[in-house]
Amino acid sequence: MIDCIKRNKHKIIDLNKDGVLIEDVSSKVVMISANNFEDAKKLIDKIPDSTELVVGHQDLYYEYLKERFNAINEMYCYQTVYIESEPLPISSCPATIKLLTEEYTSDVFSQYHNDFTTGIEYIRERIKSKTMFGAFIDNKLVGFVGTHEEGSIGLLDVLPEYRKMGIATSLQIYATNLALYQNRIPYGQVVIGNEGSTKLQEKLGFKISKEKIYWLTRMI
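In terms of UniProt numbering, the sequence shown opens at residue 1 and continues consecutively.
Hints in this document: simulated from the structure, not taken from any laboratory. Note that CB positions come from ideal geometry on N, CA and C, so glycine has one too. Be aware that a few hints might be false.
[Said to hold, decoys possible] Per label pair, the in silico range of CB-to-CB distance: (1) D138 with K42: 56 to 66 angstroms; (2) E121 with D49: 17 to 27 angstroms; (3) S85 with Y64: 37 to 47 angstroms; (4) D59 with D138: 39 to 49 angstroms; (5) D138 with S106: 15 to 25 angstroms.
Using the sequences plus the hints, can you model the full thing?
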């Protein structure tokens with residue numbers, strides 16, 4: 001939410017004394033933060049009917065938001081953020097990292113998709129926006145990382161047979177340093193229970209939130 005505001009990519013839908021409801025203008029993701037249930041309820045009732053994806057930052061209004069939003073899928077995450085201003089040192093690995101082109105859309109989608117991306121077209125759009133990078137060994141795509149529409153680092157994966165070679169680390173470092181170069185906050189989310197990703201973030205100096213956030217989707 002802070003990065004969205006910093007980049008001036010937000011629209012304020014509503015706000016009150018103890019809460020705010022904004023929309024990321026690029027992704028149309030709606031984000032809510034509120035410190036008490038009554039103020040949260042007023043904000044939730046203002047979520048546009050066209051909204052397909054909403055992010056909540058406190059548990060206190062979760063049940064009301066889920067019911068009011070008619071959510072069909074949910075995902076709990078921890079927030080991660082790199083707060084240093086200096087770029088991370090480059091890590092050695094056997095892969096070469098370069099910008100992905102549209103021909104790799106199917107390869108990425110076959111390895112990485114879930115209920116919180118909009119299928120293969122979302123992957124294609126991310127590649128076309130020049131925000132996805134691949135790790136290559138002998139001209140074979142073995143891993144990738146990207147930036148989601150709302151600005152978070154994600155879409156990180158490495159083919160199983162190429163894991164534990166430092167490739168994920170190199171991809172995460174690349175995406176982090178790129179965000180710093182572009183004057184963006186390097187941040188993302190780690191799904192609760194993903195210990196591998198959590199350890200990677202901690203190793204690179206990312207701060208991991210104690211509080212959880214949650215993503216909810218619905219059918220329009």
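To see whether the hints hold, each was checked on the structure:
Range check, D138 to K42: about 57 angstroms between beta-carbon atoms, so the 56 to 66 angstroms window is met. Here the CB-CB span from E121 to D49 is close to 22 angstroms, well matched to the stated 17 to 27 angstroms. Look at S85 against Y64: about 39 angstroms separates their beta carbons, and that is inside 37 to 47 angstroms. Look at D59 against D138: about 47 angstroms separates their beta carbons, and that is inside 39 to 49 angstroms.
Between D138 and S106 the Cβ separation comes to about 20 angstroms, which falls inside the hinted range of 15 to 25 angstroms.
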